[in-house]
Amino acid sequence: MKNIQEIFSDLKEKFGDAVLELITTPPFESIITISPLQIADVCLFLRDNVELNFDSLVCLSGVDDANGKTIKKENGDNVIEGGTLSVYYHLESTNFRHKIILKVSAPREDPIVASVALIWRHADWHEREAYDLVGFKFLNHPDLRRILMPYDWEAGHPLRKDYKNPEFYMGMKVPY
Amino acid sequence: MALKTEHMTLNMGPQHPSTHGVLRLEVELEGEIIQSVKPHIGYLHRCFEKHAEAMTYPQIIPYTDRMDYLASMYNEFGYALAVEKLLGIQVPERVEYIRVIMGEFQRIASHLVAVGTYGLDIGAFTPFLFCFRDREMILNLFEMTCGARLLYNYIWVGGLSHDLHPDFVRNAKEFVTYFRPKVKELNDLLTYNRIFIDRTTNIGILPLETAINFGISGPNLRGSGLKWDIRKDDPYSVYNRFDFDIPVGTGLIGTVGDCWSRYFIRIREIEESLKIIEQALEQIPEGDVTSAIPKRIKPPVGHIYSRVENPKGELGYFIISNGTPNPFRVKVKGPSFVHLGVMNELCKGHMIADVIAILGSIDIVLGEVDR
Amino acid sequence: MGLLDKQFANEGIVISSLEDLLNWSRLSSLWQVGFGLACCAIEMMATSASHYDFDRFGVIPRNSPRQADIIIISGTVTLKMATRIKRIYEQMADPKYVISMGSCSNCGGPYWEHGYHVLKGIDRVIPVDVYVPGCPPRPEALLEGLLKLQEKIRNESLVKKTA
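Residue numbers (my numbering), protein chains in the order written: chain R, 898 to 1073; chain D, 106 to 476; chain W, 431 to 593.
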């Protein structure tokens, strides 16, 4: 069983610049940040390497970091510009029982991340949900379309911090 | 001259008597053999994660109830554990024991509904009535404690909302003695029934490699042969003080990983839960259940991922806090959402009637799929 | 019931008005479309099980809306589902009745404030006859809702127009 410091040095040795840094936040667990377009290669290595053997993706979550500038428009709405959106990956190995957390940050205006859906089939629906609710675009995903909202929903991505509700949808009044 | 054929698309639409809620399955058929199944979900998307960002930590608990409405105690349990780890507080022993007792009763109630409705889907009406009759007694116990039958708001961050009623322990022990022989009755009615066995064995076989790759957990993973239970492998609360067994699919009838073994594991788990409840009722200490509830919850900046063994699988809460009384992000990993993704793999090559048998055996609840 | 006390003794003849007879026959066998959405559906299933028993009021579940008289909307209605509910309601044959069960289908329930995908009350889409409050309502509350619907049907008239 390896600890996160050893895994970080293994990854840094193999992938160099794609692996960005190890963020430690005691008493909580540490996070390894990876660049968004190389995450698929890193994950393939983590799954297939004999000593690491991360065969199970536990959770994949999309988060709106809301760390840009909030601008007030003329009609009273608040819009966030700049900043990042992040995806967190929790991985675990059923043989060795070690766990790590990976984080990927992409710019808010153009959030493109490589998809891991072909490595762990578990990620398929989780990535569709991250696309639907937060707005990521996953490269090489087998079937990227909305999953929870209606297929013709045009009002944006609901879990963003500056999302605004439409007034009507197909003739039905949406607010209370 | 070759005949021109094409596949037929059949819609098992959101209103359907056997889809356990509002689920739409788009089935592509060649004659009666299934080529692919595409589930369409989102008909019950109730915006839990958006509500969680707008409410304070204690106010989220009634919303967690309503996600998997058949196992509400466990949803609250998982959430309370996650926030307590984030805050770093310890709850009294009595609270831990009561949470375990309520959680295991809830596991029995949830499995009874799963078994009863599975029989109903296959075509047997009587086990449904028997299961609901026994479930009413468990709901009476819950109502005695916190006043509600289905959605409790009982397990709070740092403790519980009410202490146990003075008659609770006696009634719980009576229920356990009453219910043990009823499991045998259920086995005679359904588990070893010739028709049931013909309809569920060798259907929907889930190999172990596929199961781990798809992230399957709970009774479905144990049905494929892996002995993995979070109560033993990553223990939380006081589960490490009890002596219970983890049932695993062994291919007793049919093959390992088919619908019958997943179903049989649920029946065995009911028996194991009765054992845990008996031990907990003997060992429960005295104490005050509300003493550790914090007046105001304002956790430090950080993140936590905490998981519990829901009756349906692994329920995980990923909470990111930014130092304010409202969470920054709460992501729920519901087991039913994950299990529904594997439907296409399981159904290929079977007949239409088997789709219902497979869907019933993976035991989903649409509230958790759509959140 | 008002029907059986007007019979001539031992003759097997019952006298009643046509309205009373029609209303009595309609309210005694209301067949429902099996339509459960969310948590309230579990309480509806518990009401049809043997402890509370819907069947003694004549209510049995039918699978198709064409064979049903009553639809019990139990659970949260989302925007995606609302168009389908309208389609099912239109497929039912007259006379048809709607019971809205639970707080979510009455007015949006606990999701009224931040629910971007929740329809705040099914009465924005179809007309409702009886509202049953609760979250979820107890089986006894649903039975009372059914009895109130039966009372409403008993007072219907062939001559006066209903809403």
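A few of these clues could be false.
Taking beta-carbon pairs under 10 Å as the criterion, some of the chain W residues facing chain R (in silico) [to be verified]:
(1) Gly488
(2) Arg492
(3) Arg517
(4) Asn536
(5) Gly551
(6) Val555
(7) Asp559
(8) Tyr561
(9) Cys565
Taking lysine-lysine pairs in the BS3-like style, the calculated list, with each CA pair at most 25 Å apart, reads [what the hints assert, rightly or not]:
(10) Lys143(D) / Lys403(D)
(11) Lys403(D) / Lys1058(R)
(12) Lys155(D) / Lys996(R)
(13) Lys289(D) / Lys1058(R)
(14) Lys899(R) / Lys289(D)
(15) Lys969(R) / Lys337(D)
(16) Lys190(D) / Lys400(D)
(17) Lys899(R) / Lys966(R)
(18) Lys911(R) / Lys1000(R)
(19) Lys899(R) / Lys403(D)
(20) Lys289(D) / Lys1000(R)
(21) Lys590(W) / Lys526(W)
(22) Lys400(D) / Lys289(D)
(23) Lys190(D) / Lys899(R)
The hints are simulated quantities; they were obtained by calculation from the structure and are not laboratory data.
The structure presented is a predicted model; accordingly, all values stated were derived computationally and were not measured.
Positions of the beta carbon are idealized from the N, C-alpha and C atoms, including for glycine.
Evaluated hints:
Taking 10 Å as the C-beta contact cut-off toward chain R, the hint placing glycine 488(W) at the interface is violated, the least distance being around 34 Å. Hint status for arginine 492(W): violated, given a least beta-carbon distance of 28 Å to chain R, over 10 Å. The closest approach between the C-beta of arginine 517(W) and any C-beta of chain R is roughly 13 Å, which is over the 10 Å cut-off, so the hint fails. The interface hint given for asparagine 536(W) is broken, as the beta carbon of that residue sits about 12 Å from the closest beta carbon of chain R, more than 10 Å.
Annotation: glycine 551(W) was flagged as interfacial toward chain R, and the flag holds, the nearest CB pair being 9 Å apart, inside 10 Å. Hint on valine 555(W) holds. Least Cβ distance to chain R is approximately 7 Å, under the 10 Å limit. A cut of 10 Å between beta carbons decides the hint on aspartate 559(W): the least distance to chain R is about 20 Å, and the hint is violated. Violation of the interface hint for tyrosine 561(W) is found here, the shortest Cβ-Cβ separation to chain R being roughly 17 Å, above the 10 Å cut-off.
The criterion of a C-beta within 10 Å of any C-beta in chain R is not met by cysteine 565(W), whose closest approach is roughly 17 Å, and the hint is violated. Of the supplied pair hints, the one linking lysine 143(D) and lysine 403(D) is violated, its CA atoms being roughly 43 Å apart against a limit of 25 Å. A threshold of 25 Å between alpha carbons decides the hint, and for lysine 403(D) with lysine 1058(R) the separation of about 21 Å falls inside it, so the pair holds. Distance restraint check for lysine 155(D) and lysine 996(R): the Cα-Cα separation of roughly 28 Å exceeds the 25 Å cut-off, and the hinted pair is therefore not satisfied.
Restraint check for lysine 289(D) and lysine 1058(R): not satisfied, since their Cα atoms lie roughly 54 Å apart, outside the 25 Å limit. For a cut-off of 25 Å, the pair hint linking lysine 899(R) to lysine 289(D) is broken: about 46 Å separates their Cα positions. For the given pair, lysine 969(R) sits about 52 Å from lysine 337(D) by alpha-carbon distance, which is inconsistent with the 25 Å threshold. In summary, the hint linking lysine 190(D) to lysine 400(D) is supported, as the alpha carbons are separated by about 17 Å, within the 25 Å threshold.
In summary, the hint linking lysine 899(R) to lysine 966(R) is not supported, as the alpha carbons are separated by about 40 Å, beyond the 25 Å threshold. Between the alpha carbons of lysine 911(R) and lysine 1000(R) the distance comes to roughly 18 Å, so the proposed pair stays at or under 25 Å and holds. At most 25 Å may separate the alpha-carbon atoms for a hinted pair to count; lysine 899(R) and lysine 403(D) exceed this at roughly 33 Å. For the proposed pair lysine 289(D) and lysine 1000(R), the alpha carbon gap of about 50 Å is over 25 Å, so the pair is violated.
As the CA atoms of lysine 590(W) and lysine 526(W) are separated by approximately 17 Å, the hinted pair is consistent with the 25 Å bound. As the CA atoms of lysine 400(D) and lysine 289(D) are separated by approximately 48 Å, the hinted pair breaks the 25 Å bound. Distance restraint check for lysine 190(D) and lysine 899(R): the Cα-Cα separation of roughly 23 Å lies within the 25 Å cut-off, and the hinted pair is therefore satisfied.
Hint check: violations occur at hints 1, 2, 3, 4, 7, 8, 9, 10, 12, 13, 14, 15, 17, 19, 20 and 22; the rest are consistent with the structure.
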